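Residue numbers (the UniProt record's numbering), protein chains in the order written: chain L, 1 to 494; chain P, 1 to 494.
Fair warning: there could be bad hints in the mix.
Claimed, not checked - Label-pair restraints from in silico Cβ distances:
| hint | chain 1 | residue 1 | chain 2 | residue 2 | range |
| --- | --- | --- | --- | --- | --- |
| 1 | L | 177 | P | 18 | 58 to 64 Å |
| 2 | P | 352 | L | 299 | 31 to 37 Å |
| 3 | L | 200 | P | 359 | 52 to 58 Å |
| 4 | P | 214 | L | 155 | 58 to 64 Å |
| 5 | L | 375 | P | 212 | 42 to 48 Å |
| 6 | P | 155 | L | 261 | 55 to 61 Å |
| 7 | P | 18 | L | 375 | 57 to 63 Å |
| 8 | L | 261 | P | 359 | 57 to 63 Å |
| 9 | P | 395 | L | 10 | 41 to 47 Å |
No lab work stands behind these hints, which were simulated from the structure alone. A quick note: this is a predicted structure, and the numbers were derived from the prediction, not measured. In this text, a Cβ means the ideal position worked out from N, Cα and C, and glycines have one as well.
Protein chains: 2
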Amino acid sequence: MQSEPKTMVDIPAILSPADIESWDREVDVAVVGQGVAGTCAALEAHRAGVDVLIIERASGGGGASGMSSGIFYLGGGTPVQQAAGYPDSADEMANFLMASCDPLDPNATRNFCNDSAAHFDWLEQQGVPFERSYFSGKAVYLLTSECLMWTGNEKTWPYNLAARPAPRGHKVAGTGENAGAEGMKPLLQRCVDEAIPAIYDSAVIALVQDSDGRIVGVRVKQTDGILHIKARNGVIIACGSHNLASDLLQEHLPLLSETSEPLAIPSNDGAGVRLGMSAGASTVAMDGVIPTASIYPPAQLIKGIIVNANGERFVAEDVYHGRLANFVMEQPGQTAYLIVDNDVFAYPEIPSAKHTLVDGWETIAEMEAGLNLPAGALVATMDEYNADAAAGLDRRFHKQADWLKPLDNGPYAAFDISFNKSTYLFITLGGIKTDTYGRALNLYAQPVPGLYVVGASAAHIPRTGKAYASGLSLGPGSYFGRRAGRHAAGADWG
Amino acid sequence: MQSEPKTMVDIPAILSPADIESWDREVDVAVVGQGVAGTCAALEAHRAGVDVLIIERASGGGGASGMSSGIFYLGGGTPVQQAAGYPDSADEMANFLMASCDPLDPNATRNFCNDSAAHFDWLEQQGVPFERSYFSGKAVYLLTSECLMWTGNEKTWPYNLAARPAPRGHKVAGTGENAGAEGMKPLLQRCVDEAIPAIYDSAVIALVQDSDGRIVGVRVKQTDGILHIKARNGVIIACGSHNLASDLLQEHLPLLSETSEPLAIPSNDGAGVRLGMSAGASTVAMDGVIPTASIYPPAQLIKGIIVNANGERFVAEDVYHGRLANFVMEQPGQTAYLIVDNDVFAYPEIPSAKHTLVDGWETIAEMEAGLNLPAGALVATMDEYNADAAAGLDRRFHKQADWLKPLDNGPYAAFDISFNKSTYLFITLGGIKTDTYGRALNLYAQPVPGLYVVGASAAHIPRTGKAYASGLSLGPGSYFGRRAGRHAAGADWG
C-alpha cells in the first residue's frame, strides 16, 4: 500500500507575542497591500478615526489592480447604467449572482448588490473616473474609453431566465491597457492627501497571534532588517492572488498547462493565502480559475461551433469567454476546435491567444477526417446543430438565437483553440474564506479574531471560471475592502 | 517555514503482468461488485456475448443498492409520469440537470436524459417492479409503495425557470425500507437465470496494468488465498462509495461532524476510488456530499424560516432537503435554527434527525435573546421576511409562494437543526471521473484503457449535495452500468 502523493505547500509559521522582543511600531489597523482592496480598506479605517499603517511589498501602491483593465462589476442602477438606458436593480443583480454563482455566503453577495450603486458613487467621489458611455460590442479588453460593457453570462442560458440581463462591467475611463492605473491613481492620491502612513518595500512575512487566537501584529521584512508592528484592532490582508504560486497551483490546479499564462505581478505568490492559513483561516475554491483565450472579437465567430476530440459540442458558444475556456480546459486531452463555414469565417483577433487555423475543407466529412475525429461524430454533431439552428433554437446547449445560423455554406475551416496549445491567460479565484465584513473565517466559518482578508487574497464570489464575470475582482475587492476597514476601525457599516 | 499538513490516503499498488506468476482464470470482462451498476453491467456484457465474471466482496449480491430506498431518477416521459399526468421530455429533463448540476460532461448527462424513458422500460423488462402511482406529499423515505415522487429541486428557484418541473423519482414498488431490495432481487435473479458466473466473498485488492497502460486483470483476495483473474476486454469497477473511508473523508470532507452518519454498507470503504486511482484515473468532486436531516415531514414546517448564528436566513426553506443540509453544514459554527410561529408549529417527524425543540417565546425579540443571536438581527430578518411573505414573494431567496406566510402569530418556537447537533445522514458524491461509456478517465479526461468505473465508485452527475436529487445514484448508476457493460463487450450502444 502506498500513499497518495501530495505537493507540499509552504505556510509561514505563526508567531506568538513571546516571540517578539519589542514592537517597533504600534497602530490600530495594519493594512497589508495597497491594491484596490487594501487602499479602500485603509481609507475607510483612517476616516473612521483610527491609526492606520499601510505595508506594501512593492516600492509604490497600485498592485495588480493598477495593472488590470480596470473593470468593476457593479449594478443595481448606477448612473452609468441609467445613462445607457439599462434598468437594473439590486434584486436583479442579486438574482443573477445567486443563480450563476450559488455563492457560499448569499448574504454577503446580497449586501454587495444592495450597496452596489452607492459603492459606485463612492468610487467616483474618490476621483475614480467613469464615463457615462456604453460599449455594445463583444470585447475582452477595450482599447477605447467607454465605461459600461457586458462582462459575464448575463444574457446566456439559464441565467437570462433568473434575472433580467443588464451590463454591469464598469470600466474606468482609459483604455484597457491603462484603465486599472487610471483607477488606482486617485485612490492612491487620497491616501497621500489624507496622510495615511505607508511603508514600502516591506513584506509581511508572518502574523502574530496571541493565546486567545487573536491576530495582534505582523513581522515585516525590509531590505535592511526586520520590523514588528503591533496592530491593536487587527490586520487586514489585501496582498493579492496566488497566480504565481507554483506549489498552490500544482496542488489545486493541475489542469493548467504549459501554455497557460498568469495575469499577475511578481508579488502574486500567494502570500495572503499563506498568511491566512498560518492563522487557522480556511480556504475556499482553490481549484477555481478563470482562464481565457477568447474566440471573439470578431463577434461573428460566436456563430461557429466548438467541438472536442470526440467531435461533440460541449458548451454554448455564446457564453462568456471564461466559462467557455473553463469547459475547454476539461475536455478530453484539453483539445477543442472552433469550426466555421464560409459565411462566418474570420481570424480571431486576440493575438495573445495564439489560436491557429488548422485548415479548410470542402465538406464536414473531410474536416472530420482531417481533424482525426471519430468517424461520423462531427457529421452527426453538425446535422443536429444545423437542424436546430434552422429552427432558431439550440436544444442541447441553449445558445441564444442571435448567434444561431446553420453552418452549411462551405468551405469549412477549423481553428485549434485547445487549452494546451493556445495561450490561455488565467486568474485564480480561490483564497481565504471570509464573511461580509471581510473577516477571515476558520473551517467552521467562525472569525479568526483580528484578521481580515480582502481582494484577491480572499476567495471570490464565483468559485469557478464558469461563473466569473469580469469586474468581480475589483468590484467586490473594493467593496469588501471598505467594509473590512470600517469593521476593523470599530465603525458600523452604512 | 512549515508545510501544509496532509492526510495520507491509502492507494493499492498497481501490478504489472510480470508480477503475476500465472492467471487462475481468464474472462473477457470482470465486473467488480454486484450492486445495481455492476449487475446491469454484467447483464449487458453477458448478453452481448462475452465471458463475464462478477467478483463480489459480500456473500451475495445487492450491495448498498439493495439497502437503499430504491429510488431511480428517470424521466423524459416514462409510463409512470404519463399515468400520473406529468408531461416530461428528454429536453426538459436535460434542462433541469444542466441548470442545477452544470455537469462536467454535459453530453453524458444528455445521453442519460435522452435514453431515460427507454431505460425505465428496460428495468421493468428485467422485472424491477414499479407501480403506476404518484405520491403528492413531501417525504424523504416513503413507507408506502407509490412510485413517482418529487425528489429534487425541480420546483425551486431558479431551476423551475430553466425547465418545466416534473417529478422524476421512480421508487421501486415496496416501502422505503425495502424498496431497494425489491429492485435488486429481480436483477440478481436474472444473473442466476442467465448463468452469469459470479464469485462471492472475493475482494479485488489490486489491478494489473500492462506496459501500454491497459488494465488487463485483477488480484482477488479470498478467505483461503489469492486469485489472479485476467480480463481480456477490461475491468468494470462497480464497488460502491467511500462513505466509510475515514482517510478520504478527512482529506476531502472535513466539515462532516461527529454527529454525521454515513448511509453505507461495510464495503463502502472507497475500494473503487482507490483502485481507479492506482491505475491513474482521476477523481472528481471528492468534496461533494449530500447530507440530510430533513425538516419535513410535516410539510407545514417549510413555512417556517431557518436562520444561522448571525440571525440571517441563508437558503430558501423549500429547497430539497439535501440542498438545505449542505447550506446548514457551511454556516458559522454549523449552527442553524428552524423558527415557526403558532400557526406552523409541529414537531419534525424524522426521528433519526434528532432535531430538538429549543424553547418557545412570546416575541421574536425574546427568541433572539434566548438563542443568543446578535441584537436586532433576528427581528430584522423576520421583519423583511414577513413583509415579503405578506406580498407573496421572497426577494432574498425565492421561496415559492405556496410556502410563504408571515410568521406573526406568536408564540414562536425554535428547533435546533445544527449540523453538529442533529444527526445528518450522508452519501459521498465524488469518485472516479468517467465518460458516457463509463470509461475511467485520467486527469486530462482521456480513457485509461480497459478500465470502467460505474455506480458510486464514479463521480455522480451532481457534484454537490446542493444539486442532488434522490435517485441520481441508482438512475445513472444503472444506466452507465449498462453502457459500460456494452462497451466492454465491444458492442455499440442503442
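Structure-based check of each hint:
{"no.": "1", "hint": "L:177 - P:18: 58 to 64 Å", "in the structure": "59 Å, holds"}
{"no.": "2", "hint": "P:352 - L:299: 31 to 37 Å", "in the structure": "56 Å, violated"}
{"no.": "3", "hint": "L:200 - P:359: 52 to 58 Å", "in the structure": "56 Å, holds"}
{"no.": "4", "hint": "P:214 - L:155: 58 to 64 Å", "in the structure": "46 Å, violated"}
{"no.": "5", "hint": "L:375 - P:212: 42 to 48 Å", "in the structure": "23 Å, violated"}
{"no.": "6", "hint": "P:155 - L:261: 55 to 61 Å", "in the structure": "44 Å, violated"}
{"no.": "7", "hint": "P:18 - L:375: 57 to 63 Å", "in the structure": "36 Å, violated"}
{"no.": "8", "hint": "L:261 - P:359: 57 to 63 Å", "in the structure": "58 Å, holds"}
{"no.": "9", "hint": "P:395 - L:10: 41 to 47 Å", "in the structure": "45 Å, holds"}
Violated hints, listed in ascending order, are 2, 4, 5, 6 and 7; each of the other numbered hints is respected by the structure.
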